[in-house]
Amino acid sequence: MTGEWGYIIAAYAVTWLGIGGYALRLERLTRRAEQEYEAARGAQRAGPAGRQS
Amino acid sequence: MTEAVMERAATSGAVPAVPPRRPLLAAVTLLTLVGAELFSVLTSPPDRDMGNLEKILYIHVPCAWMAMTASLFVFLASVGYLWKREERYDMIAAASAEAGTLFTALTVILGSIWARPTWGTWWTWDARLTSTAVLLLIYLGYLALRAATDDVDRRARWSAAVGILGAINAGIVYESVVWWRTIHQIQSSPSSMGIMYTWGLRLNAIAMLLVLVYFITNRYRSFCLIRATEMMAEDAVLGRRAP
Numbered sequence: 001m002t003g004e005w006g007y008i009i010a011a012y013a014v015t016w017l018g019i020g021g022y023a024l025r026l027e028r029l030t031r032r033a034e035q036e037y038e039a040a041r042g043a044q045r046a047g048p049a050g051r052q053s
Numbered sequence: 054m055t056e057a058v059m060e061r062a063a064t065s066g067a068v069p070a071v072p073p074r075r076p077l078l079a080a081v082t083l084l085t086l087v088g089a090e091l092f093s094v095l096t097s098p099p100d101r102d103m104g105n106l107e108k109i110l111y112i113h114v115p116c117a118w119m120a121m122t123a124s125l126f127v128f129l130a131s132v133g134y135l136w137k138r139e140e141r142y143d144m145i146a147a148a149s150a151e152a153g154t155l156f157t158a159l160t161v162i163l164g165s166i167w168a169r170p171t172w173g174t175w176w177t178w179d180a181r182l183t184s185t186a187v188l189l190l191i192y193l194g195y196l197a198l199r200a201a202t203d204d205v206d207r208r209a210r211w212s213a214a215v216g217i218l219g220a221i222n223a224g225i226v227y228e229s230v231v232w233w234r235t236i237h238q239i240q241s242s243p244s245s246m247g248i249m250y251t252w253g254l255r256l257n258a259i260a261m262l263l264v265l266v267y268f269i270t271n272r273y274r275s276f277c278l279i280r281a282t283e284m285m286a287e288d289a290v291l292g293r294r295a296p
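Heads up: the sequence lines are chains A and B, in that order. According to the working numbering, the first sequence is numbered sequentially starting from 1. According to the working numbering, the second sequence is numbered sequentially starting from 54.
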C-alpha cells in the first residue's frame with residue numbers, strides 16, 4: 001500500500017499531540033490551582049488582619 | 054456580591070479533601086504508553102488485507118474503548134450525584150467527561166485517518182461513525198453547559214442529566230455495528246485475531262486506561278483545589294475563620 005506509513009505517522013502524531021497537549025494543559029491548570037489554594041490558605045490562617053496587610 | 058456568595062455557600066455541600074499528587078502514576082503511565090506503542094508497531098506483522106495500516110488500530114480501538122469507559126464513569130458519578138448530592142461525584146463526572154471528550158475526538162480523527170486509505174473516504178455516515186460523532190457532540194455540550202452555569206448545584210444537576218444521556222448514547226455506539234450492518238466492521242474478539250494483534254491491543258488498552266485514570270485523578274484534584282479556594286474566599290467574605 002503506497003504511502004501507508006504517512007497515515008500511520010499522522011495517526012500516532014495526532015495521538016501524542018492530543019494526549020500530550022491535554023496533559024500539559026492539565027499540569028498548568030493544576031499548578032495554578034495549587035498556587036491559588038496555598039495563597040488562600042495563607043490568607044485564611046492570617047485572619048482579617050493578615051488579609052488587610 | 055456577598056448575597057450571591059452566601060446563597061452559594063448555603064446550597065453547596067462540604068468540599069472533598071484534596072487528593073495528593075501522583076508522580077509515580079504519571080511515570081508508569083508514560084512508560085507503559087511508550088512501551089505498548091513500540092511493541093505493537095515493531096512486532097505486529099502487516100495484515101493480509103490492510104497491510105501496515107493495522108498499526109493505526111492499536112491506538113484507534115483503545116481510544117474508542119476509553120471513550121466508552123469514560124462515559125461509564127460519567128454515568129456512575131452522575132447517578133451518584135443525583136442520589137447522594139455530594140459534590141465530589143459531580144467533580145468525578147466532570148473530570149471523566151473532559152477525558153472522554155479527548156478520547157472520543159481522538160477516536161473520530163484516528164478512524165478517519167485509517168478510513169481514507171482503506172475505505173477510500175475520510176468520512177461516511179455509517180451508524181458507528183455517526184453515533185460516535187453524536188457522543189462527541191454530547192461531551193462538548195456537557196462541557197459547554199458547565200462553562201455556562203455558575204450555580205454549583207444547578208450545574209451539577211443539569212450536567213448529570215446530560216452525562217446520563219451520553220452514557221445511553223455510548224451504549225448505542227457499542228451496539229450500532231450489530232443493529233445496523235453498514236461499512237464499519239463488528240466487534241473483534243481474541244478468537245477472530247492473531248496472537249500478536251491481540252497482545253498489541255491489550256497492551257495499548259492497558260496503557261490508555263492508565264492515561265484515562267491519570268487524567269481523571271489529576272483533573273479531579275484540580276477541581277478540589279479550585280473549589281476549596283472558592284470556599285475559603287466565601288469564608289473570608291462571610292467573616293468565618295479557619296478552624
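Read the hints as simulated data drawn from the structure, not as lab findings. Check before you lean on any hint, since a few could be wrong.
[As the list claims (entries may be wrong)] If the Cβ cut is set under 7 Å, some of the chain B residues that face chain A in the computed set are: (1) Leu106; (2) Leu155; (3) Ile166; (4) Thr282.
The C-beta atom is built at its ideal place from N, Cα and C for all residues, glycine as well.
Discussion item. Next item in the hint list is Leu155(B). Is there a CB on chain A closer than 7 Å to its CB?
Written reply: Cβ of Leu155(B) sits 5 Å from chain A, so the hint holds.
Worksheet item: Minimum Cβ distance from Leu106(B) to chain A below 7 Å?
Response: Check passed: Cβ of Leu106(B) comes within 5 Å of chain A, closer than 7 Å.
Practice prompt. Let me know if the C-beta of Thr282(B) comes in closer than 7 Å to any C-beta of chain A, holds or violated.
Written response: It holds, given that the least Cβ distance between Thr282(B) and chain A is near 5 Å, below 7 Å.
Discussion item. Min Cβ distance, Ile166(B) to chain A: is it shorter than 7 Å?
Written reply: holds (5 Å)
The earlier numbered hints are all upheld by this structure, with none contradicted.
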